[in-house]
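As given, the protein sequences belong to chains A and B, one line each in that order. Under this note's numbering, the first sequence is numbered contiguously, ending at residue 263. Under this note's numbering, the second sequence is numbered contiguously, ending at residue 304.
Source of the hints: derived by calculation from the structure; they are not laboratory data. It is possible that part of the hints are untrue.
Straight-line alpha carbon distances no greater than 25 Å define the calculated DMTMM-like cross-link-like pairs of lysine to aspartate or glutamate that follow [as the list claims (entries may be wrong)]:
#1 B:Lys277 with A:Glu257
#2 B:Lys271 with A:Glu245
#3 B:Lys172 with A:Glu170
#4 B:Lys241 with A:Asp153
#5 A:Lys234 with B:Asp260
#6 B:Lys299 with A:Asp252
#7 B:Lys165 with A:Glu185
#8 A:Lys249 with B:Glu300
#9 B:Lys296 with A:Glu239
#10 A:Lys241 with B:Asp270
#11 B:Lys165 with A:Asp167
#12 B:Lys237 with A:Glu185
#13 A:Lys220 with B:Asp104
#14 A:Lys232 with B:Asp104
#15 B:Lys262 with A:Glu9
#16 A:Lys232 with B:Glu180
#17 B:Lys237 with A:Glu166
#18 B:Lys271 with A:Asp252
#19 B:Lys241 with A:Glu245
#20 A:Lys218 with B:Glu127
#21 B:Lys106 with A:Glu16
#22 B:Lys195 with A:Asp167
#23 A:Lys241 with B:Glu300
#24 B:Lys223 with A:Asp153
#25 B:Lys223 with A:Glu170
#26 B:Lys299 with A:Glu244
#27 B:Lys296 with A:Asp248
#28 B:Lys81 with A:Asp153
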Amino acid sequence: MLKPALNPETIRGTPEGLVDFDYMSLKLSDIDRNAVEEAVRLRDAYFKGSKIYSITVAAWGPVDKRDKDVKMAVQEGLAKGVDEAFIVEDDSLTPGDPVTTASAIVAVIRKFNLKPDLVLAGEATIDGFTGQVAGRVAAKLGLPYVSFARKLDVKDGRIVAERDVEDYVEVVEAPIPAVVSVTREINVPRPPTLIQIRMASRKPQHVIKASDLEGVVKPKKKLVEARVLAVKRKQTIIEGKTLEETADKLIDALVAEGVIRVR
Amino acid sequence: MAMTSLVVAQREDDVAEALTIARQVGEPHILVFGQVDPSPLLDYGHPVHHLRSDDTESLFLALRSLYESLKPSIILAPTTKNLKDVLSRVAGLYDLPLATEVYDVKVSGSSASYRRGFLSGRAIALEEAPLPAVLLLAPRKTPRAPKGGAKGTLETVQPPSPTVKVLERRPKERGGVNIEAAELIVSVGRGFRSKEDLKMAFELAEVLGAQVGCSRPIAADLKWLSEDHWVGLSGHKVAPKLYIAIGISGAPQHLAGITDAKLVVAINNDKSAPIFKNCDYGVVADLYQFVPVLTKRLKERLAK
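Just chain B, with the same shape it has in the complex (with noise of 0.2 Å):
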């Protein structure tokens, strides 16, 4: 029989990026998830199925079945929370290994190589696993497929109903900021006695034209500002060409979320905070003081 892999996702960039990888391996097949319209994926020519549901159980279900039928020798996926735990009860049936946020996969013969963050985003990890395997991707690292061949097949999928239900959803409260698409980022943190005084944050990032990022304290315990602020691990990874950290001590978490800035500027006023060791630019300094200075003199200075 040939080799297939199947390709697992709800987005279409999501799709296209894992069949670079999964053409490589066998005939591929997608399994498109949620109340999307899976007729743009059958330019592909691969056959897609599609469940309307998209709640993990369903999923689950949904994948189990096609896993037997297909018996794919890759399953390939973005990293997100919810196919995180299909995924990982697909790898628990059949003793497949796993591995999340990979990168630089490559492909040969009966295995697969890739590598990915380690260590809270300390180190990168290069790993090697044996086919039949399970790899989501980080986002956004692998080259898209292209489109092509003849149209695909579309064929949609019913599984039994679900033990687990959903009894209700909601929405995040979004302070709607893309933190992870930003350019320049000023970021707050514990050192903010209160939820008003980020007003100096935000007032300087006004000047800069830059957004609003925080630690975890701010986000997830304080709640200051919503989810969509955090950086570090737990959080949003961001890539910004200058990221501001003011008031933040450097946590190992928040540092592994801002590994791929270009230029890190700390302010803090304990000058043995973690952060000055992992920043270009510090100043140790009372950030009630600082801040509103460097606000008023950028506000001079800068080119319109």
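Isolated chain A (complex conformation) (with noise of 0.2 Å):
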């Protein structure tokens, strides 16, 4: 599952401080490049011949002015290893929503009769940061589902994967086939060769409409205002003609604001 996520670093304000969201641009999210990274080696270790797909749902529209950003998100992961894609993009599903996202990732799986060993998905994406896609891919395909993986491996058919969780590290033992989610720690994603990169635009690539598939729910939640969250910081910068005063003019500072005390 690859998602062409709103790029934070891309954010910017209207004059009424809300998020400009014309002028962002998408990229693929971050921790789906350790999804394919993951992707690749288990298929190399453990499932040699399989093919791996990619599913993507456009999310933010309108199609016609997102289109370029979606389609070099999925050309990166087919030149980070993924064989085919399938892109579902239409207007009526955005702005998405994971109900619309996860329907339509079943949809797409279900259509094609793809019959995948592993679904793998980053634990997050970097725009919404909900994490909720995979699980719901999970429910509704009613397969076991194992979260926040930071490693992965496949024993007598069934795989093993170590959850980060808050206070402690859960070894889990789990049925083939299952979804997975992974954090960043699992890999460290390589970059694609330049013979990869040229490949990945030969590889097969299928743009699918909404009224191509079946059980798509349309988005519930609204997204009813998005404000830049504007932190001001006074961004002064204190200089000495030595460290010495230097740190004193800072601890000068910080005694003015109240934050710490001298004799």
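Starting from two chains that each stand alone, build the complex the way the hints lay out.
Below is the structure:
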């Protein structure tokens, strides 16, 4: 599952302080790179000869405007080792909602009769960061779900994963097929080689409309307003002739702010 | 049929916060899980369902059957990784909207509105979701509901055995810090060239009475410090009155963790580092030279 997510680094506010969505670009969500890398690693180690499919549901519209960014993100997956890509692009499904994304992913899996051994996703995407699509897909497909995996292996036809939760690390074993969400710590994604990048454009890509799919749920949540978080910092640079003088000026500033007290 | 709501949590403070919203929607039920004593929760006056296991699969199975029998209009829980896992599955099964880290929740008629961080902490979104919905609350942002009413009933839940087996649990290594509660934080990043050099930051922290935090690479990649020191979007969100970032460039994910800091000081030798656009006071200097001097001057000047 690959998501072209709003790139938070391209954020800009309107004069009213709202997020200027038109100005922002999309990029492949960071942690999805780890998911592709892990898919390639597992395929080479345990599922030789298997294909790696990617499914992308364009959550941000309008399709005309976003198409280029969406294709770039998908292309990146193909260059990293995905063999065949499915892209659901439809203005009736944007702005998306995880309810829509998950139902569209499941609809693609059913329509194209994909029979995955493993479904991999990043633990969350950099725009919404709710981390819920993988769990939804697992439940809809009736598959076991292993979330926040920071280590993944296959033993005797079952997966063994280390789940990274707040207070402990949990080692779990689940039957295959299963859905797994991975954390950034699971691997270090390798950048694709030039040959891989060139090969990527020749791999099969299917663009699908909502009307081609069955059971896609329309978005439910409504984004009423998105306001740029303006943390106003003073941005004062402190300089002195010597390091001692700089240190003293900094200490004076902290005293004036009331965060420390001196004799 | 009267409307019901469902609260899922492990700790009493999380239950009490969720109940504040749950009571506005319908007759609350509480699902508490794990090896905890559920009896204090009976004082809130609502039915309590207790699941002794706390693995995600068992919790999902228990929730699914509870959802089927209660058909709640809202499910409320604290935002934790295991509850994200479990509730995303419940939401998927019934196509319910779900949001995490929400606060300022308002329920009116057939929908709920709330705010949450968006775009890696760079924006705040106001969203509206039709009921039934699943909301995972940001901790300590909702007032607690008072106890009251006749004592609630207690029922033990026993779901079928899970297909995903927990083989082992290892507690995470802890550095003994509670960075989220720290008033003063000295935080370290990649500007430090070795683990031994962090000693400089610890000395500064000791003089100030501060806790030591760090950026992602120090905890996650280099593992020089345990993860309880990690400040940022995937680490801990902090709210000290003073945050001193040393050798931290200021990646967006790190900045997202310090938006609630009252005052941010940056020490970095790269004057173009993004941290300087996101600090109150900046010192462009080699940390190896400046930090020992700052520590020395503080030692001499600080009030005991």
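Right, here's what the structure says about each hint:
no., hint, result
1, B:Lys277 with A:Glu257, "19 Å, holds"
2, B:Lys271 with A:Glu245, "19 Å, holds"
3, B:Lys172 with A:Glu170, "10 Å, holds"
4, B:Lys241 with A:Asp153, "44 Å, violated"
5, A:Lys234 with B:Asp260, "15 Å, holds"
6, B:Lys299 with A:Asp252, "14 Å, holds"
7, B:Lys165 with A:Glu185, "22 Å, holds"
8, A:Lys249 with B:Glu300, "14 Å, holds"
9, B:Lys296 with A:Glu239, "18 Å, holds"
10, A:Lys241 with B:Asp270, "19 Å, holds"
11, B:Lys165 with A:Asp167, "19 Å, holds"
12, B:Lys237 with A:Glu185, "19 Å, holds"
13, A:Lys220 with B:Asp104, "20 Å, holds"
14, A:Lys232 with B:Asp104, "22 Å, holds"
15, B:Lys262 with A:Glu9, "23 Å, holds"
16, A:Lys232 with B:Glu180, "21 Å, holds"
17, B:Lys237 with A:Glu166, "13 Å, holds"
18, B:Lys271 with A:Asp252, "22 Å, holds"
19, B:Lys241 with A:Glu245, "24 Å, holds"
20, A:Lys218 with B:Glu127, "16 Å, holds"
21, B:Lys106 with A:Glu16, "24 Å, holds"
22, B:Lys195 with A:Asp167, "24 Å, holds"
23, A:Lys241 with B:Glu300, "20 Å, holds"
24, B:Lys223 with A:Asp153, "22 Å, holds"
25, B:Lys223 with A:Glu170, "19 Å, holds"
26, B:Lys299 with A:Glu244, "13 Å, holds"
27, B:Lys296 with A:Asp248, "10 Å, holds"
28, B:Lys81 with A:Asp153, "21 Å, holds"
Of the numbered hints stated above, the single one contradicted by the structure is hint 4.
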